[in-house]
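Undergrad: Sequence order for the protein chains is A and B. Take the first sequence: its letters are residues 198 to 443, numbered as in our numbering. Take the second sequence: its letters are residues 198 to 443, numbered as in our numbering.
There could be a bad hint or two in this list.
Stated by the list, open to error - Quick look at which bits of chain A chain B covers, simulated, 3 or more residues with Cβ under 8 Å:
| # | segment |
| --- | --- |
| 1 | 377-391 |
| 2 | 409-417 |
| 3 | 420-432 |
If you're looking for bench data, these hints aren't it; they were derived computationally from the structure. None of these values were measured; they are calculated from a predicted model. Beta carbons: idealized from backbone N, C-alpha and C, even for Gly.
2 protein chains.
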Amino acid sequence: MTYCVALRLDRGLVFMSDTRTNAGVDNVSATRKMHSWSVPGERFITLLSAGNLATTQAVVSILDERSVAPEDRDPSILRAPTMFQVARLVGQTLREVIAEHAPGNGQQADATFGGTMILGGQIAGMEPRLFLVYPEGNFIEAKDEAPFLQIGETKYGRPILVRAFDPSMSFEDAVKLLYVSFDSTIKANLSVGPPIDLQTFEQDELDPPEPVRIAASDPGFRAVSDGWGAALRHAFDQLPDVTLPG
Amino acid sequence: MTYCVALRLDRGLVFMSDTRTNAGVDNVSATRKMHSWSVPGERFITLLSAGNLATTQAVVSILDERSVAPEDRDPSILRAPTMFQVARLVGQTLREVIAEHAPGNGQQADATFGGTMILGGQIAGMEPRLFLVYPEGNFIEAKDEAPFLQIGETKYGRPILVRAFDPSMSFEDAVKLLYVSFDSTIKANLSVGPPIDLQTFEQDELDPPEPVRIAASDPGFRAVSDGWGAALRHAFDQLPDVTLPG
Chain A
198 MTYCVALRLD RGLVFMSDTR TNAGVDNVSA TRKMHSWSVP GERFITLLSA GNLATTQAVV
258 SILDERSVAP EDRDPSILRA PTMFQVARLV GQTLREVIAE HAPGNGQQAD ATFGGTMILG
318 GQIAGMEPRL FLVYPEGNFI EAKDEAPFLQ IGETKYGRPI LVRAFDPSMS FEDAVKLLYV
378 SFDSTIKANL SVGPPIDLQT FEQDELDPPE PVRIAASDPG FRAVSDGWGA ALRHAFDQLP
438 DVTLPG
Chain B
198 MTYCVALRLD RGLVFMSDTR TNAGVDNVSA TRKMHSWSVP GERFITLLSA GNLATTQAVV
258 SILDERSVAP EDRDPSILRA PTMFQVARLV GQTLREVIAE HAPGNGQQAD ATFGGTMILG
318 GQIAGMEPRL FLVYPEGNFI EAKDEAPFLQ IGETKYGRPI LVRAFDPSMS FEDAVKLLYV
378 SFDSTIKANL SVGPPIDLQT FEQDELDPPE PVRIAASDPG FRAVSDGWGA ALRHAFDQLP
438 DVTLPG
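When you get a sec, could you build the whole thing from the sequences and use the hints?
TA: Okay, structure coming up:
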């Protein structure tokens with residue numbers, strides 16, 4: 198499995214992804230699930246991926262080739278006029294890769310080779326946008342009512358996002374929130390594991406810093422992970438006492 | 198879906214289950230997923246069930262008949278000599294009911310008609326025991342290393358159990374903990390819903406109180422539900438500040 202989250206904040210976008218990949222519990226490895234492209238000053242795009250690794254790597258490679266090889270530049274995510282068109286390109290590529298390996302019976306979204314992606318970014322002069330792309334190639338956008346997206350093993354880390362996310366929060370608080378959400382998931386599910394990749398993207402800063410890799414031993418991550426257990430128990434103790442009903 | 202939890206505390210057992218049942222989102226109803234049997238002073242048994250409602254109701258009915266109809270009393274969960282034998286009976290009954298409705302291709306654990314159960318109780322002179330019974334009829338027991346069991350939609354409510362459960366806690370704190378775990382799940386998943394059933398069982402009190410039904414409007418549940426959001430945000434604020442890495 199995998200765990201990836203993207204937040205749409207008032208000041209920009211924050212992406213986080215784990216790196217564990219496994220084919221059975223005795224075949225475990227680490228792989229990057231976060232890929233970024235940019236045309237400095239003009240556009241910035243980040244893609245997070247969950248699902249079959251052959252599928253998601255093929256999608257990234259095809260998008261890469263199209264943005265590098267001159268004779269194959271159209272359609273390219275680096276030239277599409279809007280983030281919506283970028284999302285269409287990613288969705289179409291994902292659907293085609295899955296279809297290529299689907300059994301010959303016309304099934305278009307075979308679960309085995311499936312994949313799901315989060316796409317976010319900004320093109321100069323337009324708003325930052327965030328999309329969740331399904332294996333069928335269609336997609337939804339993160340709007341004000343649901344300003345974050347998750348893929349992979351989403352359930353363990355969701356309650357804290359639902360309760361503590363605030364679009365006006367700082368990047369530092371957003372990263373802290375994601376640390377808590379990832380720590381809860383990593384503690385509960387062997388198929389999600391460190392290191393963690395982090396990309397912050399400040400709105401209109403179209404030449405953002407490189408993604409950062411955070412090890413399990415990173416002092417900031419450790420402090421949140423170690424502190425959260427005690428903080429949760431303290432929060433629990435603060436709740437009003439319950440008298441046994443009946 | 199469903200959410201049921203049982204805790205093995207030093208002082209006894211606590212069971213909680215939701216009541217929502219649905220066949221599609223336009224066919225939603227409430228049903229009891231907690232069933233208790235007792236021979237006052239001699240034994241006490243509680244069963245929680247998740248999965249196909251036809252299957253789990255049939256299992257409960259068969260166990261009920263065997264414990265009521267004189268000519269069919271053996272094997273009966275009210276006469277089995279140990280909780281282990283009770284678990285074997287429940288497992289065997291569950292497996293038989295599933296097999297009866299499985300397609301004729303020899304498949305023994307058809308997911309569609311599957312079910313999973315938590316069984317707990319005590320027989321006089323022995324320790325209280327807690328089991329998780331699988332659709333195949335086999336089961337595992339809650340031991341000191343993993344002293345609580347969940348079935349159904351388990352992921353949203355698991356992190357708080359992992360972090361705050363303590364076998365030495367009071368029944369009141371245990372119920373508060375379960376309120377938090379259930380509230381997180383109910384907020385995240387439409388297929389889990391109130392009212393909630395609660396059974397507390399004090400060790401060696403082999404004539405325990407009846408299960409209690411807790412409405413969404415119950416003041417104790419409301420206080421925990423309303424207070425948890427603020428408590429979580431406070432806990433989050435208490436964590437050490439994060440500096441953006443990189």
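Undergrad: Does each hint hold? Answer for all of them.
TA: Each hint tested on the structure:
1. 377-391: Since 4 is at least three, the answer is holds.
2. 409-417: Since three or more residues must qualify, the claim that chain B covers the segment 409-417 of chain A holds, with 4 doing so at under 8 Å.
3. 420-432: The restraint on the segment 420-432 of chain A holds, since 10 of its residues have a Cβ under 8 Å from chain B and three suffice.
In the structure shown, no violation is registered for any of the earlier numbered hints.
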